[in-house]
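Asker: Top to bottom, those sequences are chains Y and C. The numbers in UniProt numbering rise by one with no breaks, and the one at position 58 of the first sequence is 58. The numbers in UniProt numbering rise by one with no breaks, and the one at position 58 of the second sequence is 58.
The set of hints was computed from the structure by calculation and includes no laboratory data. From a predicted model like this one, the values you see are computed outputs, not experimental measurements. Built from N, CA and C at the ideal position, the CB exists for glycine as well. Do not take every clue at face value.
[Stated by the list, open to error] Among the chain Y residues that face chain C by a calculated CB cut under 8 Å, a handful are:
hint : residue
1    : L34
2    : M36
3    : E45
4    : V46
5    : R48
6    : Y63
7    : H64
[Unchecked claim] Derived coverage of chain C by chain Y (criterion: at least 3 residues anywhere in the stretch with Cβ under 8 Å from a Cβ of chain Y; other residues may be distant):
hint : segment
8    : 224 to 233
9    : 256 to 270
Chain by chain, the residues run as shown.
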Amino acid sequence: MTTDAGETLSSLPLGQKGRVLGFALPPEHRQRLLEMGLTVGAQFEVIRFAPLGDPIDIKVRGYHLSLRKNEAAGVFVARL
Amino acid sequence: MASPVSTSAAPSSSREVTRYVAIAGNPNCGKSTIFNALTGLRQKVGNYPGVTVEKKTGRFFGSHGEAMELLDLPGSYSLQVRSPDEAVARDVLLGRQADTPRPDAIICVVDASNLERNLYLVAQMLELNIPIVVALNMVDVAEKNGVVIDIMALREKLGVPVIAMVATKGVGLIELRQAVSRSPLPPPTIWTQMPIVLEREVMGLARQLPVAPDIARAEALLLLTLHEAALDEVTHHDRAIIEATKAAQQRLGTAGIDPISAPVDARYDWIGQVCAAAHHTGDSHFAASVSDKVDGWLTHRVWGWVAFLGMMALMFFCIFTVAQVPMDWIKDGSDWLGKWVTDHLPESDLRGLLTDGVIAGVGGVVVFLPQILILYFFLGILEDTGYMARAAFIMDRLMSKAGLHGKSFIPMLSSFACAIPGIMATRTIENRKDRLVTILVAPLMSCSARLPVYSLMIAVLIPGHSAMQKAGIMLCMYLLGIFVAFGMAWVFKRKLLKGETPMLLLEMPPYRMPSWKGVALRMWERSGLFMRRAGTVILALSVLLWALATYPKPSDPKATPSEALAQSFAGRMGHAIEPAIKPLGYDWKIGIGLIGSFAAREVFVGTMSIVYSVESKDKEDIAPLRDTMTNEKRNDGSPMFTPLVCIGLMVFYVLAMQCISTVAVVRRETNSWRWPLFQIFYMTGLAWAGAFIVYQGGKLLGFH
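Working from the sequences, and respecting the hints, build out all of it.
Answerer: In structure tokens, the structure reads:
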């Protein structure tokens, strides 16, 4: 499920597009992200950061979803 | 129940309900708009037994006039629940909710401009074996975004009726009514195929479940996809079932199938196929980019804050200026009524009860109705436009410093109107500890019941009409409440309810025009609740207080009103607590006010009117309470309501619990007396300390 040397969602710059590779999150958090459409293989774009730098607003499956850097650090991604 | 539902084509004369219909959907999909459009004012708001999740039902009529009951389910993203709100939606649909029949049909509302994610819930609903009608809402928004949805293709792929709608404009309502009243309405025939190994385990588990065969598969699938900790919390199944589930999960694991992600992946794969056939993206992205551009400003690192604070300031400014006009009318009206009663009744206890107890007490509270209406107007618009989610987005970092998260912001913001809906709104917070912390601090946000107290004390503090100054002081009181709420949340999170900072997942819906009808309906509902409170609790308390302030009557008939009050029950109680409140600069009369408002803060104003009008009974004209209080003197002749006392009193009311309804709601939400009692204790302590610091500290610094 998890990839070792992967980049995480929390480290992506503004405007970066990416694809989900896997997760390193507790099961209940992982399930929630999956159900909100952030499944393995889903493509997204980093839209903006909140005024204080956290949370991150991404666009996935055509809608805006905000999540904290804390969780984003558990989402492995590949840049597109 | 697996068989098609048949309605016996009831004639419209018989008002018997022929069909129970549930309306479900994601948050922000326009579900309430459709509910309101279908039911109009034929709505009933209640509670599900045992939980405080609001149960909203309404009557509507099919295309042949047959009556149907519509149940508004709480908005949810998934049937795999994390919050009490989502749990109710699931339990109703699985026929597990006591007092609520399993629906005969579901209207599943889908936001056409956010089709993929919205179809996830539909995919789960299709597994439930209940007939479904999909209401594809906001097709106009989707089209503006360049998304064209092929309704015929969608209908074919989903295997259920799909109605294109623009609920805010009433488009598609007739078709929806027709589709729901069609007879027979067959259950879905298409649903997501799970990987074969998983499907086998689901069927195996389903056979062991002691539930009706038509929902066994859905139940089994929900159980199998629970992670271990959640499985251990399941109470509605035997240990044997839980163990069987765990064993099945183990077998799946060895087969290389992750029970958490496999069903979700399968559903999204299926949704992908549905969308490929029915969802056509054009090239224009106009509306989406407008919303994005607006967000560029409203969540900007500088302008975002300016807009946020500006909006709050505007809201409170309106509460003070716009509301003033109708408030004056209400005040004049109740003054006139009091005078009329005085003129037409002989001097008696009954007259005193009516004028000083009922009219003065209730009138003093009803006068704040305009402010409450304006507050709900603003909150409704912020919610409807989608700004509430931005506020949570902006505030999350600050909230997380206190160990809370952005979602606590909405309950706390609602608590500005009233802590009761605020505390009820904490149900969207999944983590139990975070929910509890939010409940504990939510009543520190200045609710509308404090407005009367603030308004009165500010009026005594600065006479005359300087709206800006008044709004400024008011803002300070609100900020104090926010500040202390954060501080206490931080303390609780560190000392009392240790736990990791929770997860935040926040959808940011595109900005929308608010539904004026929906806002109006909510204002109507909430002001109705407030008026009912004024008519019952506050009326009863006003009468009780009047009695306490009137009896026992002085033995000496020539006693002055002031002496009469001093030896009444209320006076004795006020005297009894005087030693405790003397360090705050209060006398026993304010003590009466504090005791009287223990059950409801706004009663303070009514109590003060009674306390002081009892004294000034000999005067023919009932001078405004403000003037009476401004002229109130201590025994040594110095003014009673000095700036320090006024500010101290306001601080006391910012921090004190003083609300029996909140206590009752907290007790219900936390299911024990422990937390509400703790809350009364800590908040009263804070209030005393705050007022003490203001009064004694201020005196030390040379103020008076």
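Asker: Now look at each hint and say whether the structure bears it out.
Answerer: Now for the hints, and whether the structure bears them out:
Taking 8 Å as the C-beta cut-off, the interface hint given for L34 (chain Y) holds, the closest approach to chain C being about 4 Å. Here the hint on M36 (chain Y) is kept, as its CB sits about 6 Å from the closest CB of chain C, short of 8 Å. Annotation: E45 (chain Y) was flagged as interfacial toward chain C, and the flag is violated, the nearest CB pair being 11 Å apart, outside 8 Å. The criterion of a C-beta within 8 Å of any C-beta in chain C is not met by V46 (chain Y), whose closest approach is roughly 13 Å, and the hint is violated.
A distance limit of 8 Å between C-beta atoms decides the matter here; for R48 (chain Y) the minimum to chain C is near 6 Å, and the interface restraint holds. Taking 8 Å as the C-beta cut-off, the interface hint given for Y63 (chain Y) holds, the closest approach to chain C being about 5 Å. Checking H64 (chain Y) against chain C: minimum C-beta separation of about 4 Å stays under 8 Å; hint holds. Counting residues of the segment 224 to 233 of chain C whose beta carbon lies closer than 8 Å to any beta carbon of chain Y gives 5, which reaches the threshold of three, so the coverage claim holds.
Check result for the segment 256 to 270 of chain C against chain Y: holds, 6 residues qualifying (beta carbon to beta carbon below 8 Å, three or more required).
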